[in-house]
Amino acid sequence: MVLFSIAEPGQGSARQVVRRKRAVGIDLGTTNSLVAVAKEGRARVLPDAHGNRLLPSLVRFFEDAVPLVGDQALAADGGTLVSSSKRLLGRGLSDINYPLPYALQAADDGGMVQIRTEAGPVSPVQVGAEILKALAGRAEDALGGSIDGVVITVPAYFDEAQRQSTQAAARIAGLNVLRLLSEPTAAAVAYGLDQRLTGTVVIYDLGGGTFDVSLMRLDQGVFTVVATGGNSALGGDDFDRVIADWLLQESGQPCGSKEDYRLLLQQARAAKHQLSTAEQARVQIGSWQGSLDRAKLQQLIDPLLDQTLLACRRVLRDAGLQVGDISDVVLVGGSTRTPRVRERVKQLFGREPLSSLDPDEVVALGAALQADLLVGNKYGDAALLLDVIPLSLGIETMGGLMERIVPRNSTIPVVRAQEFTTFKDGQTAMSLHVYQGERELVSDCRSLARFDLRGIPPMVAGAARVRVTFQIDADGLLQVQAEELTSGVKNSVVVKPSFGLEETQIAAMIRSSMESAALDKAQRSLRERRVEALRHLEALHAALQQDGATLLDDDERSALERAMRELDAATVGTDARLIETLTEQLNALSRDFAGRRMDAGIRAALAGQQIDAIGE
Amino acid sequence: MLNYFSLLDMPVAVDLDRALLDLQYREQQLRWHPDRFAAAPAAERQQALQRTSLLNDAYLVLKTPLRRAEHLVELLGDGVTHNARLPIDFLEQQLSARESLESAAEAHDRQAVEVLRKTAEASASERWSRLREQIAEHDLSSARVSLQELQFLHKFVEEVERLEERWLDS
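Same order as they appear, the protein sequences are chains A and B. Residue numbers for the first sequence follow my numbering, so the first one is 1 and each next one is one higher. Residue numbers for the second sequence follow my numbering, so the first one is 1 and each next one is one higher.
Wrong hints could be hidden among the right ones.
[Unchecked claim] A partial selection of chain B residues facing chain A, derived with a Cβ cut-off under 8 Å:
1) Arg-26
2) Gln-29
3) Leu-30
4) His-33
5) Pro-34
6) Asp-35
7) Ala-38
8) Ala-39
9) Gln-47
10) Leu-49
11) Gln-50
12) Thr-52
13) Gln-148
14) Glu-165
[Said to hold, decoys possible] A few chain B positions that, by computed beta-carbon distances, are all more than 12 Å from chain A:
15) Leu-60
16) Ala-97
17) Ala-122
[Claimed, not checked] A few chain B positions that, by computed beta-carbon distances, are all more than 12 Å from chain A:
18) Met-10
19) Ser-96
20) Val-115
21) Leu-140
It is worth saying that the hints were derived from the structure and are not from the lab. For each residue, glycine too, the CB sits at the ideal point set by N, CA and C.
Just chain A, same shape as in the assembly (with noise of 0.2 Å):
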């Protein structure tokens, strides 16, 4: 029993208060995005001002005002719509062979695709800059504060580049990035601390543009991911496509411009969702009328859902396991919710998979427990994630082959070793080139960098020896050094994949998108003022219709008049210190004639009165 507590003076209360640190879960996703805030192991999704949870991963950028994002940006007209803008993250022009809204054009550096708006060239990861903006906006709104640190999904198939291009993005944003988590390893998080869910289990997670699919096993507060597999390019915006497509053919209606293919793909997704609850849904296309069932459905997306299935063969194998050895099946992704899907993963499995957490909150509710982690709030059982990367890293050596050094699947971080040699007498410089993939061909793998190393000491042939090495750290990037060990010249790169940016080029972005901020908070607050001026102006010409014969004399009344017309006037430009100048003006000209009105309406309010207590 405590009888005295002794504090050390000046110190006041021993207790000091710590503020909580401010950390969300971010899911970047493909066609919604989300963010949401862990508290003592429960984690919720905040929504926007109208209680909206998703927010649209849409962009409209306009020639000369600042782009809108997610529903605004849906609502609005004119300008450029970027959709799907995730699937081009860290992608080249010549990697896109898929049709899409909005037109795309090629780096002048030959680097990473760039789509063409109103407002110019725009990069992806600045498409994703401004939807993780709006993110964090709405969490400081919900948190009343600045955001200390993210956590931000990305699917586990996602290579170097798409990670680097995703960081990018947030930094971009001004957000401190604590992790890049893939997201079933976010989903299986969420399933293991919020549902307390153990054993091994597949995580099949079918999004808008991605399929990934993970074995973890979950135990006693370690999460280790087993193994991942996947398609970066395959998801529910396929079966759109593959139902827009059947459409086409089926009505025999032309498809002319790219505004029409949007629409028929939207009216594919409609009826899509309705067989998820009724058996056969109905397509207008112009004059044609027909109807979509389910088993036209099936057909129709059962090659799609074939190869993910075979991945998830693939997967089990890469970690040795059968089917019998899962002890549950977690569905992720807003594609999931077709039942169709649901129907062909309990076949391969054998088990009913869960769904009770929404697969669509699910990775973002997992990522904020990570985030809340991370920025050292700690609370009960340490949890502790052990995750792999999705694919081999290697370099190129002779004859155009990729020597593996990294294989996939190698729990992060990573540091791998290998020696190579010189070939030539004299040879005094190496080139290495770096890969990414499972091929024996470096040609049928990811470039991601290339550099030198210098200034080996003249040798005969085969007697340098150069150490590689590969580090791969918490988060999924590559660091690679190269050193000839006999003369000890080093050289090293944090790889910059060749479809990524460069330093510069994110600089760049960085500094517009500050300037831009400031003018969007011009923007917002000429609007504010042009709303008031006009509030202010017609409760003024409703008082003078309704008093101002009554209470004001006629110099008066044209002062007034006159002050309204100005201010009128510059309600139309784009000055908003003007807009306010003259509301203050006006606010002082007609205070004397809102005085005579109140007088005048309590006189009457009293007259009122007295007349009833008289009638009673």
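Start from chain A and add chain B according to the hints.
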């Protein structure tokens, strides 16, 4: 050279308790993972990164029986790696097994492939018993021969599995 057994607090032996290994690995990861040092100075974070990278390597080696045995023999031989000379009759056996596998693959003869797999597996398990004795008697040069033979057999079985997977997928 680095002793992976002591890094994970495991007894130095050919066979080990897998549950204990998993437990030790988990304990060490909980202590050293970079996530535990997210707010620490850069030097400590780097140390955590290196330490966990080592742990991951050690765990991978120790949980894979053949790689564990190789590591053990290397440790016992003070890190010296010799290329053992394999008996000629073993190499001849391997060559003919490979030829049989190729023709069985072409003929899609699943039964013949299964027989080849069983033979290789039996041969491997015989060498595992030999290897345990050789290590107990500290006969490192014989142990290296057994290890290399096991590598051959292991690769052969892997090839059979790949073939069977291809049949499964198609």
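Results of checking the hints against the structure:
no.: 1; hint: Arg-26; verdict: holds, 5 Å
no.: 2; hint: Gln-29; verdict: holds, 6 Å
no.: 3; hint: Leu-30; verdict: holds, 6 Å
no.: 4; hint: His-33; verdict: holds, 6 Å
no.: 5; hint: Pro-34; verdict: holds, 5 Å
no.: 6; hint: Asp-35; verdict: holds, 6 Å
no.: 7; hint: Ala-38; verdict: holds, 5 Å
no.: 8; hint: Ala-39; verdict: holds, 5 Å
no.: 9; hint: Gln-47; verdict: violated, 12 Å
no.: 10; hint: Leu-49; verdict: holds, 5 Å
no.: 11; hint: Gln-50; verdict: holds, 7 Å
no.: 12; hint: Thr-52; verdict: holds, 5 Å
no.: 13; hint: Gln-148; verdict: violated, 21 Å
no.: 14; hint: Glu-165; verdict: holds, 6 Å
no.: 15; hint: Leu-60; verdict: violated, 8 Å
no.: 16; hint: Ala-97; verdict: holds, 23 Å
no.: 17; hint: Ala-122; verdict: holds, 21 Å
no.: 18; hint: Met-10; verdict: holds, 18 Å
no.: 19; hint: Ser-96; verdict: holds, 27 Å
no.: 20; hint: Val-115; verdict: holds, 22 Å
no.: 21; hint: Leu-140; verdict: holds, 24 Å
Going through the hint list in order, the structure does not satisfy hints 9, 13, 15.
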